[in-house]
Amino acid sequence: DQQVKQNSPSLSVQEGRISILNCDYTNSMFDYFLWYKKYPAEGPTFLISISSIKDKNEDGRFTVFLNKSAKHLSLHIVPSQPGDSAVYFCAAFAQNRDDKIIFGKGTRLHILP
Amino acid sequence: ETGVTQSPTHLIKTRGQQVTLRCSSQSGHNTVSWYQQALGQGPQFIFQYYREEENGRGNFPPRFSGLQFPNYSSELNVNALELDDSALYLCASSGNRGLAGAGELFFGEGSRLTVL
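Protein chains in written order, with our numbering: chain L, 1 to 113; chain P, 1 to 116.
It should be emphasised that the hints constitute simulated quantities derived from the structure, not laboratory data. There could be a bad hint or two in this list.
[What the hints assert, rightly or not] Selected chain P positions facing chain L (in silico; Cβ < 8 Å):
1) T5
2) P8
3) G40
4) P43
5) L81
6) G95
7) G108
8) G110
[Stated by the list, open to error] Away from chain P, derived, C-beta distances all over 12 Å, residues of chain L:
9) T63
10) D84
11) H110
Treat the numbers as computed from the prediction; the structure is a model and nothing was measured. We put the beta carbon where it would ideally sit given N, CA and C, even for glycine.
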């Protein structure tokens with residue numbers, strides 16, 4: 001049973017445009033959500049997070065939106081740059097209940113020149 | 001600041017063998033988690049150690065075991081290897097017991113295990 005779902009295995013976006021990566025979750029106990037980025041032959045690196053008390057968190061070119069009623073979050077990258085080409089993992093956990101972070105399968109983002 | 005390091009980076013084993021993977025956590029971090037990432041999948045939580053004790057476990061059989069040492073480095077041991085154990089094994093450290101309010105894990109590059 002996948003609790004965190006990333007339904008798009010890959011996404012191609014023109015350089016300079018907006019990249020939107022989507023993620024859905026099923027466990028209503030999740031109250032903290034994260035995005036990690038992974039380059040080949042490297043471990044994932046933390047990108048941005050959002051608590052369920054917020055619906056938006058922004059950090060430079062990266063913004064995460066959370067829609068609790070739809071159990072959906074998205075990561076927006078504006079403008080997209082060549083270095084953004086990587087695999088992006090959505091992840092979630094329940095604070096003060098379970099320290100287990102659950103990851104989605106990832107979306108491979110290709111930034112086209 | 002020293003990052004998370006894992007060894008070996010690659011290894012090949014045969015079915016039924018045992019393997020030990022090692023991880024040195026980031027300086028100042030007292031919590032280590034291990035994840036298994038199979039091909040085309042996201043990282044799956046195996047277990048977590050805080051101050052040398054296991055304090056969380058995912059849906060992995062008992063043949064997956066671990067240790068954390070006083071210096072917070074860690075080992076993952078897998079006995080009776082099966083073909084499906086072939087995966088990238090990621091170690092991650094964090095500075096808090098659990099991840100309340102943070103969720104920021106610092107990952108190593110992983111150990112790629114192939115079971116033949």
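How the hints compare with the structure:
Interface hint status for T5(P): violated, as the beta-carbon distance to the closest one in chain L is roughly 10 Å, over 8 Å. Proximity of P8(P) to chain L is violated relative to the hint, the smallest CB-CB distance being about 14 Å (cut-off 8 Å). Interface hint at G40(P): satisfied, since its Cβ lies 7 Å from the closest Cβ of chain L, which is below the 8 Å cut-off. Checking P43(P) against chain L by beta carbon gives a least distance of about 5 Å; that is within 8 Å, so the hint holds.
Interface restraint check: L81(P) against chain L, minimum CB-CB distance 23 Å, threshold 8 Å, status violated. Interface hint status for G95(P): violated, as the beta-carbon distance to the closest one in chain L is roughly 12 Å, over 8 Å. Evaluation of the G108(P) hint against chain L yields a held restraint, the C-beta minimum of about 5 Å falling below 8 Å. For G110(P), the interface hint holds, the least distance from its beta-carbon to any beta-carbon of chain L being 6 Å, beneath 8 Å.
With a cut of 12 Å on Cβ distances, T63(L) stays outside the contact zone with chain P, its closest approach being about 17 Å. Taking the minimum C-beta to C-beta distance to chain P, about 19 Å, the non-interface status of D84(L) holds against the 12 Å cut. Interface exclusion of H110(L) from chain P stands, the closest Cβ pair being 17 Å apart, more than 12 Å.
When each numbered hint is compared with the structure, violations occur for hints 1, 2, 5 and 6.
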